[in-house]
Each structure stands twice: as structure tokens, then as C-alpha cells.
Amino acid sequence: MRELLVISGKGGTGKTSITAGLAATGPAKVVADCDVDAADLHLIALPQAQGVVPGTTQAHPFHSGQRAVLDPDQCTQCGICHEKCHFNAITEDIRLRPEYCEGCGMCAYVCPAGAIRMQERLCGQWFRSETRFGTMIHAALGIAEENSGKLVTTVRTVSGDTAREQGLDVILTDGPPGIGCPVIASLTNTRMALLVSEPTRSALHDLQRIVELTRHFRVPAALLLNKADIHPALADEMRAWCAENNLPVAGEFGWTEDFTQAQLLGLAVTEYRPDAWKPRFEQLWETLLARM
Amino acid sequence: MHIAIASGKGGTGKTTLSVNLAAHLSRSGFPVTLVDCDVEEPNAHLFFQPQWAWTRTAHAPVPAVDSSRCIGETCRICVTECRFKALIWMGEIMEFPELCHGCGLCMEACPAGAITESTRVIGTVQMGTVQMDAVRAESISPQNSHTADTPALRLLTGSLRVGEAMSPPLIRELFGQLEQLDQLDMGVHAGQAERIRVSVPRRNEEIVLRDCPPGTSCPVITSMDGADYTILVTEPTPFGLHDLQLAVETLRTLKQPFGVVINRSGMGDNRVDEWLAAQAIPVLARIPHSQQAATVCAEGQLLINALPQMRDAYAALWERLHQIVTQGRNTTEAETTGEAASAKASALSTTIHGVKTNARPDTETDTKAARHAAALQSASEAHHA
Numbered sequence: 001m002r003e004l005l006v007i008s009g010k011g012g013t014g015k016t017s018i019t020a021g022l023a024a025t026g027p028a029k030v031v032a033d034c035d036v037d038a039a040d041l042h043l044i045a046l047p048q049a050q051g052v053v054p055g056t057t058q059a060h061p062f063h064s065g066q067r068a069v070l071d072p073d074q075c076t077q078c079g080i081c082h083e084k085c086h087f088n089a090i091t092e093d094i095r096l097r098p099e100y101c102e103g104c105g106m107c108a109y110v111c112p113a114g115a116i117r118m119q120e121r122l123c124g125q126w127f128r129s130e131t132r133f134g135t136m137i138h139a140a141l142g143i144a145e146e147n148s149g150k151l152v153t154t155v156r157t158v159s160g161d162t163a164r165e166q167g168l169d170v171i172l173t174d175g176p177p178g179i180g181c182p183v184i185a186s187l188t189n190t191r192m193a194l195l196v197s198e199p200t201r202s203a204l205h206d207l208q209r210i211v212e213l214t215r216h217f218r219v220p221a222a223l224l225l226n227k228a229d230i231h232p233a234l235a236d237e238m239r240a241w242c243a244e245n246n247l248p249v250a251g252e253f254g255w256t257e258d259f260t261q262a263q264l265l266g267l268a269v270t271e272y273r274p275d276a277w278k279p280r281f282e283q284l285w286e287t288l289l290a291r292m
Numbered sequence: 001m002h003i004a005i006a007s008g009k010g011g012t013g014k015t016t017l018s019v020n021l022a023a024h025l026s027r028s029g030f031p032v033t034l035v036d037c038d039v040e041e042p043n044a045h046l047f048f049q050p051q052w053a054w055t056r057t058a059h060a061p062v063p064a065v066d067s068s069r070c071i072g073e074t075c076r077i078c079v080t081e082c083r084f085k086a087l088i089w090m091g092e093i094m095e096f097p098e099l100c101h102g103c104g105l106c107m108e109a110c111p112a113g114a115i116t117e118s119t120r121v122i123g124t125v126q127m128g129t130v131q132m133d134a135v136r137a138e139s140i141s142p143q144n145s146h147t148a149d150t151p152a153l154r155l156l157t158g159s160l161r162v163g164e165a166m167s168p169p170l171i172r173e174l175f176g177q178l179e180q181l182d183q184l185d186m187g188v189h190a191g192q193a194e195r196i197r198v199s200v201p202r203r204n205e206e207i208v209l210r211d212c213p214p215g216t217s218c219p220v221i222t223s224m225d226g227a228d229y230t231i232l233v234t235e236p237t238p239f240g241l242h243d244l245q246l247a248v249e250t251l252r253t254l255k256q257p258f259g260v261v262i263n264r265s266g267m268g269d270n271r272v273d274e275w276l277a278a279q280a281i282p283v284l285a286r287i288p289h290s291q292q293a294a295t296v297c298a299e300g301q302l303l304i305n306a307l308p309q310m311r312d313a314y315a316a317l318w319e320r321l322h323q324i325v326t327q328g329r330n331t332t333e334a335e336t337t338g339e340a341a342s343a344k345a346s347a348l349s350t351t352i353h354g355v356k357t358n359a360r361p362d363t364e365t366d367t368k369a370a371r372h373a374a375a376l377q378s379a380s381e382a383h384h385a
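Chain order of the listed sequences is R and Y.
Residues 1 to 292 in full-length UniProt numbering are what the first sequence spells out, letter by letter.
Residues 1 to 385 in full-length UniProt numbering are what the second sequence spells out, letter by letter.
Each hint should be verified, as a subset may be incorrect.
Derived list of chain R stretches under chain Y, where covered just means 3 residues or more per stretch with a C-beta under 8 Å from a C-beta of chain Y [what the hints assert, rightly or not]:
hint : segment
1    : 10 to 22
2    : 86 to 95
3    : 106 to 115
4    : 138 to 144
5    : 174 to 184
6    : 227 to 240
7    : 262 to 270
With a cut-off of at most 27 Å between alpha-carbon atoms, the simulated DSS-like pairs for lysine-lysine come out as follows [stated by the list, open to error]:
hint : chain 1 : residue 1 : chain 2 : residue 2
8    : R       : Lys84     : Y       : Lys255
9    : Y       : Lys85     : R       : Lys150
10   : R       : Lys84     : Y       : Lys85
Calculated from the model, a selection of chain R residues having no Cβ within reach of chain Y, i.e. all distances over 10 Å [claimed, not checked]:
hint : residue
11   : Asn189
12   : Val219
13   : Gln283
No wet-lab data here; the hints were simulated from the structure.
Computed from a predicted model, the values in this text were never measured in an experiment.
Backbone N, C-alpha and C define an ideal beta-carbon position, used for all residues, glycine too.
Generate the whole structure from the sequences, applying the supplied hints.
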């Protein structure tokens, strides 16, 4: 399975807009959104804007881990649970703070009155949507919920199954920002990572860390230098860094209003201005597929 | 006073706002500590040339099993109790430190005392200082005027080890280090009370700014825990709005007061403004979209140094924020969260938007996922209609 993951380290470099452009072009594919705690790709793939055909969606609950539930009638206010909890999830006056509960079960274990039990936890939902770009698997982690890594894994597993059912061998995945748990869950055993960056000090710093992460997990990576013209000197510095560190540059885009305008209309940039953008994204696919 | 700077979406300008607000406050005479809680991709230090005072390795607790004391196959209580599969039975107890959440249950449960606390490295914490030049007397408002040297801005930054999945323990470590710093300060001040009272008039309260990671899950929740106020930074685009809505739901779930800064104002459309007005959420500032500002930020420079209009914008932002936060403090704790804060927000919003709105914040208890599903459902229905 050829799985292409779009990540960036730094947020706001254009990851989702680029993914949308790739979704609307290239080979037939399954599209996945692994940015489960602030997913945006569905705003393009399943827009509510007029004139764009939305799609159909099936929702599925996502249960993972446990959470502590307190029975106040049995609680003797002894305070042992508060004392033993490593996550500050139980206040001094023995109120549970569910947002901070890690689901470890310490409180239930130590409670001498048996007032706390562990309950299965609904952490969010995942969705299977039919969109104009193909089947999309995406998800929404519940507010202040845990287990984003496991939800990412669920999205990836379902995407793989869907691609096999449909006889497709390409999966395009929008990844989360950062280098932590959900990124690691998105990255492990993927075929290739497309790193979207921009010529700023912060983005260069973050690119270096995400490249280190892709190497740690032995996933081949390539750079898409977005907004390349906003700071020519820093763009040169970035290209030089890539050359020194053997990071191939798969493409460069200049800064343009087109991405924002397309987003406002619920379109991929290749749908907003096909003449200008379709050839560039087809070219990008060609470059990437040759490396996958 | 702790102020968190957060946003659902990445790249809206959290760090830009954090570093410039920190510099503005430091120049205005406040003792400021900027805590960079985005330990996955920390960037705040790039905007300063801090003098690093120290770098410390941060650890997370993991179990170490002493097999000579372990009861063995007949017990295995640590394996049954661990919800994270960090301990498994393979003829003996084996540890998987990278899966451990550090809850301590295995140590608590082991009847033989065979499990002790060991550690694994999760990253580093660095503390540095930055001396900002004082604001020139003629350019500041009277209540902020001061003659003494401004106290140095403190920067506390964490850097997650690449390959480490869990950032919350490192974020908690940052707050632990901050607490130690504060205790140290108090010790110094107790010993030199007389001299300090003369040379540094501490009439300005210490301000801690927390630059949070993007998203709405555990790293963000950990970063915002206990903040007196949260600034949500957004941009006027559909992605910006959608992720702002998630961030607002998070703050409402946590029952913490917040306001919004609209960054790059003018780049997209007015849906963010309309939604904020309908929700009666205060807009603290609108920072205009400008190519010049983008270039300054790209270089890692401070906007308030490079652009006079940005200096004014940040001064105005602080004035508004200070007003809101001090108002909140004159009321009871219950009032600073939930309905009363929303009512106050509503009053504020009326003046900000110049539009009379009676909109009440929604009291919905449904989760983000349910709302997401509802939106998708309606999109789907529209399609079939």
C-alpha cells in the first residue's frame, strides 16, 4: 500500500490546503485525516458551501481506555485517591476532573470504600465519508479527551481496509502538527512523508525536528517548500539545509491568495483555479509516486 | 497571574503573540516569565537571544522490577492492573517504558515491594533570561511609568526528545521548574528585602505567559490547567473558525475564562466575527494582516521592535486584557467561570462590536464529536434533498 502522509512539524504552513490539492488530483485513492484533534480537511472534502457537492457520512463511536467514576454516597472523603493520583485529576475535596483523568485505575485500586469504579470511555468518533475525492476516513476526538494516538491508528486501519476493498493502492493522509503521540501514530510504517514547510526561522527549526523524527522511524521524506517567495534569503537557507542533509525537495509553491480564496469557497486550490494549479499538483504527484 | 495563549489551529500566531506580549510587558516593568509549553516544536526562544542560565534533563517515572523479589507467575498483579500494557509476563515481568504513563499503580499494587521507580529521559528544560530595554518615558502611559531598571524577562522552555510520544509529563515538568524558580525568588527577596524594596519596586505583579501547543487534546489541556485567563488566537478563515470553535468548547468544558485575538484580520472573510458576536465572546484585539509583519516574524524578530503600529496594537491588547482580568478578580470564583463570565463577555462584546446582541452562549453539553457528526449529517441531508 502506498501511503503518503502530509505533515509539517509547525502548524499553519499549508498542510491541509496542500493535502486538499493532492486529494483532488493524482491517482484514485482513499483519503484519510489523522489530525484527529483539529481536523479541517472535511471542510474542503465535505463542504457546506453552495455549489459544491458534499457527500455522505457514516459515524462510528470510538471507545478507548477507561475513566474513573465516583459514587459520592460511598465516598468517605478520606482523601487517599487525591493523594495517590499522579495526574491531578481528583481535587482535595474529592471531585473528579475527567479532562485530566488518564484512566490508570490508581484511584479505584486504592479507594478503601470501593467508591470509585473504572468505566469504558467514549473518546470520540470516526467517520467514513463518500466525497468527490473518493472515500475519506476521518475522526473527531472528544473535547479534552485522551488516546488521540489510538484514534489515529483506527483511522489508518480503516483507511487500509477501505483501500483494499476498493482495489486501490494509494492512501493520502493529512497529518497532525507537532512530533508527539498522534504524529508518531501517523508516521510509523507509512510509505512516505511529505513535509510542508515555509521559509521562516520557526518553520526551519520545526522542519529539522520533524526530519529527525522521520529518520528515527525510517520513513523516507521529501520537502514541499510552500510560500517560497515570502523570504528569499531564508528560502535559500532552507534549500541549502536540505541539500546538506539529503532531504529531497519535491516542489516549491509561491505565496498566493488562491489558497485562502479556495478555502473560503470550500474548494481545493486545483478546483478554484484549475489552469494554474492542476498541472503543478499533477507534477507533484508524479515526483512523489516515483519515490514511493 | 497566569495567561495561556492557545488556539485550536496551528500557525495562527500563538508564538508571535506570546513573545511580543511578553516583551511589551517586560518593557513596561512587569516581572514576566514566558513558558513555552509547545514542547514538540518550541519556537519562542528563536525570537530572543536568551542568556541560558541552565539546561536540565527531564525524566518521566517508569517501573523497574527487581526479579529476585518478584513473586512471579502466581501473582502478576502488576500485569493485570496496568492499563497501558507497559508490563507483561514473559516468564518474568518485562517492562515497556515507552508505553508507561507513569501512574505508579504497579508500585502501589506489588505485594512484594519488587517494583521501584526508575526514570526515562523525555526531553530537556532550559531557563534563560532576556534583558529588554525599558520603554522610553514619553511613550508610556502614567500607570506603567517607572524609573528603575526593568526586571529581566525569564524564558522557560521545554524540548521533547525526538521519538518520545508523550509531551504532557514534560509540560508538567516545566510548571514544576517554574514553582522552584518562584520559591528561589522568594528566598532571595526575603534575604534582601530591604535592598530590593528600594531598588526594584515590585508593585507590578509577576505575569506568567504560557505559549500552548496547537490542538485540543492532552498537551493543550495540561498547558492551560489553572490559567487565570486564556487568549485564543485565530485567523478569519474557515479552518481558523472551525478550530476556534473546538478551542472554545475546550475552554467551556474546563470552565476557564477566555477571549479571542483575531490575527491577520482582513485576509479571509467575516465568519469568525459573526460567530464570536453570536456567541458573545469578547474580541480582545484584531491584528491586521500585513506582508511587512509576516517578513518580520519570518526572520524571528519582534513585531513591537520593528513596527510602531504593532507596538500600539500590543499596548492596546494588554490594556483590554488587564481590564477584563482585574474585573474578573473582583468577583467570586464562581462568577469568573461559566455563565457570569459569559454575561460579562456579552456586555463587553456589545461595546466591542457596536451591535446590540442578546445572544447567550450555548449551554450545549454535547461533545465536539457529536457536533462534528451533526454538521456532516446536515451536509449529507442537503445533498440528498
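Each hint, compared with the structure:
1. 10 to 22: Our answer is that it holds, as 5 residues pass the Cβ test (under 8 Å) against chain Y, meeting three.
2. 86 to 95: The restraint on the segment 86 to 95 of chain R holds, since 3 of its residues have a Cβ under 8 Å from chain Y and three suffice.
3. 106 to 115: With 3 residues in contact (Cβ-Cβ under 8 Å with chain Y), the coverage given for the segment 106 to 115 of chain R holds.
4. 138 to 144: n = 5 at 8 Å, threshold three: holds.
5. 174 to 184: Since 9 is at least three, the answer is holds.
6. 227 to 240: holds (count 3)
7. 262 to 270: holds (count 3)
8. Lys84(R) x Lys255(Y): Holds. Lys84(R) to Lys255(Y) sits at ~25 Å (cutoff 27 Å).
9. Lys85(Y) x Lys150(R): holds, 14 Å
10. Lys84(R) x Lys85(Y): Given that 27 Å is the threshold and the Cα spacing comes to 20 Å, the pair holds.
11. Asn189: Consistent with the label, Asn189(R) stays out of reach of chain Y, its closest Cβ about 15 Å off (over 10 Å).
12. Val219: Holds, since 12 Å exceeds 10 Å.
13. Gln283: holds, 25 Å
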